[in-house]
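All chains should be built: construct the whole structure from the sequences, respecting the hints.
Number of protein chains: 2
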Amino acid sequence: MLDTPQDPQIDLEPTRTADVLAAVTARDAPALHRLLDPLHPADVADLLEQISDVQRGELMALWQGAIDGEVLSELDESIREDVIDAMEPAALAEAVRDLESDDVVDLVEDLDAARTEAVLDALNDADRAVVEQSLSYPEDSAGRLMQREVVMAPEHWTVGQAIDHLRTQDDLPEQFYHLILVDPRLKPTGYVSLGRLLGSKRDVELAGLSEDGFRTFQAEAPEEDVAYQFNQYHLISAPVVDHNERLVGVITIDDAMIVLDEEHEEDILRLAGVGEGSLTDRVVETTKRRFPWLAVNLVTAILASMVIALFEDTIATVVALAVLMPIVASMGGNAGTQSLTVAVRSIATKDLTTANVWRVIRREVLVGLVNGLAFAIIIAIVGVIWFGSPVLGIVLFLAMVINMVVAGLAGTVIPVILDKLKIDPALASGAFVTTVTDIVGFFAFLGLAAVMLL
Amino acid sequence: MLDTPQDPQIDLEPTRTADVLAAVTARDAPALHRLLDPLHPADVADLLEQISDVQRGELMALWQGAIDGEVLSELDESIREDVIDAMEPAALAEAVRDLESDDVVDLVEDLDAARTEAVLDALNDADRAVVEQSLSYPEDSAGRLMQREVVMAPEHWTVGQAIDHLRTQDDLPEQFYHLILVDPRLKPTGYVSLGRLLGSKRDVELAGLSEDGFRTFQAEAPEEDVAYQFNQYHLISAPVVDHNERLVGVITIDDAMIVLDEEHEEDILRLAGVGEGSLTDRVVETTKRRFPWLAVNLVTAILASMVIALFEDTIATVVALAVLMPIVASMGGNAGTQSLTVAVRSIATKDLTTANVWRVIRREVLVGLVNGLAFAIIIAIVGVIWFGSPVLGIVLFLAMVINMVVAGLAGTVIPVILDKLKIDPALASGAFVTTVTDIVGFFAFLGLAAVMLL
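Residue numbers (the working numbering), protein chains in the order written: chain A, 1 to 454; chain B, 455 to 908.
Please keep in mind that the hints were generated in silico from the structure rather than gathered at the bench.
Backbone N, C-alpha and C fix where the C-beta goes; we use that ideal spot for every residue, glycine too.
There's no promise every hint is true.
[What the hints assert, rightly or not] Chain A side only, calculated, beta carbon under 8 Å to chain B, not exhaustive:
1) Tyr177
2) Leu198
3) Asn231
4) Leu269
5) Glu312
[Stated by the list, open to error] To be clear about the criterion: a stretch of chain A counts as covered by chain B if any three or more of its residues have a C-beta under 8 Å from a C-beta of chain B, and this derived list gives those stretches:
6) 47-55
7) 233-246
Spelled out as structure tokens, the structure:
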């Protein structure tokens, strides 16, 4: 919803953005602080993303020094660099110093070398070493996602020992939900939720409290798998281990939620042929990103035109064919998109497997057949009434049924095959499926017309 | 990925599904237990979803009594009813009894009255009253999502008092992460994470440990807003209050993650014109669900045909126009889909607001213009080479630029207007935008041809 003034808890109302811009124009620094300082960093980041480059520059100059690390880590990559460039080195150092290691990693991983150096310089040596080690893991891996600050205890300890130990620590992480149990070689052997720890007698052994469904991740595991498992198994946190099975960090559900959100966003944009990109990208970047998808579509459209060209003589004789021919292709394209979207999502959520692929294909073909028959009857009637030719009605009827069945089949089989070939089905299915439905649609309609009408 | 045998942590490998089916066919109950009992309930639910109705019936008969409540709550709604019907009342009661209140609510809210009664009968009176009260809140509200088991403490208590109190409770919830502080009227006034509680001295006052960014939700608040705020503000848990501001429950991040996942799925399916539905729906349901979207598309396609019909004489004179005309419409449709997907997502994530709507519209129009010019040059050259007519090339060029600019404009403005009118833009934008790009595409191309070629 664009306007949510009725919701008092969502802090960034459009009115506040307008007030902020008014304060910037008036160069009224106290008013700016009054408006921005109470906002959550995520909302400040949203506000910085929604205003223009010029407005952002003026705001930064006026608000100097008040941007904290959390705002930086919330900012969209496309403007994060601009904002970092506009900050004094001292302000940048100040902002970065309070972040947890995973947030610093997230902050610097998309920056260029010079800016990364500027951020790392702000850290003390120990923190810097921790961040640099995380950066040594592959991009989009569990190692990049994890937080290095772990809270662990030997598995033979009792509840009382653990609680006493925790009380003496003065650098516990901001957020932690489990005490990870380790053996003498630092291999995680289980974990105890803090709730269970607090609800147990002091002399109970920790090992006996360890939760079922304990899962660890390899630091090299793709973050996509991590997000899938957090979602599937309702994990709250999970230890990360290196290839010697030694504990190196912990991933918490809030990080997994962000990855899941990004994966979804990526799938939606890929299905629509947008690829990546965000609302704050500039015209040139956006144009470049969308170009390849449109180029693929142009090739598809030209292929469809070549099919039409085969029937130029037929069209010259019966011009009504030119009027009606886009209908069959368009209905096939839409039905195919429905099938492929269901297939692509089911593959992503691992709901479509070798166990049910044939049943799903059969279902999609049957759905195509039933809806195809329904729309074939409708369009045949429209065709007969409009152009007064019963044969044209039969041609429309047959072409529609054929193309809708093909749409259901192609919409399911193509994503499955692409996935088997390790090509992202969200990315490539659309172009293939609409090529099939366009070509079959035009060929079936014009071909049947050439045979039956002439 | 369809096959992930390389990943040992994802438990439901296709081979195991095949083994399970073999055990069912052989009526080998011990083998079935050996295969299914170690699986996570979410994986058992996935397996039950992926096999056929007949296979599921046989499996249930053989595995009798072993389906627990968590499997039921993981199951897709479309087969949950079948599974419940196949269970003995005693087994159902046994399965339901161990669930937390929010899971029971989730389980029964989509069941019919008779099955709901069967599930509620399995609960003791106190649990039943709790579930029935949750069910009294509107569907898809915070009240339905919340868990009734809350862990709270008076705000004036110290850390030591809280820890001692927790240790004497023997019915603490499975998962809790915060101690909610309440005033004497049970109004939540803050919350303390268990990590902070454990890391603090016994004589520290709880009120002083309360976290920043403490948020409460009204029980009537839509779950969509709850999920948005959990995601935006990285909440782990949040208290839910009634209209007297009294604490009535707590929502945890895992519930919010499920809602966010569902919202995303819904958006993807709506954008593709699938509406709702899942892979386990039957042919008849699926056909019915997809029919309305295809019907809207048929109307759109017929409107486009009526535009073509205006130019029947032109096409009869120059048949090449029939060959080329789908290209301009198709490119516009694709560019429009790109723009509308970005707009729909940005509206959903509250990134597109009144503060930046004009800048985004301008960007999309410019992107349409630049890509339009690029593809106009390509298609003009193709047209000239193919049909040897420079004027046809100019017609293609102009029609392409016009339609791509219109696509960028319509793709952004239509979702924004629909949102203002409180119509879900994910649901309705596609039909409107392709109607515009089809009509403008055919009209611009054929109209310019009629003027310039004849």
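Checked hints:
1. Tyr177: holds (6 Å)
2. Leu198: holds (4 Å)
3. Asn231: holds (6 Å)
4. Leu269: holds (6 Å)
5. Glu312: Result: holds, 5 Å to nearest chain B Cβ.
6. 47-55: With 5 residues close enough to chain B, the hint holds.
7. 233-246: Since 3 is at least three, the answer is holds.
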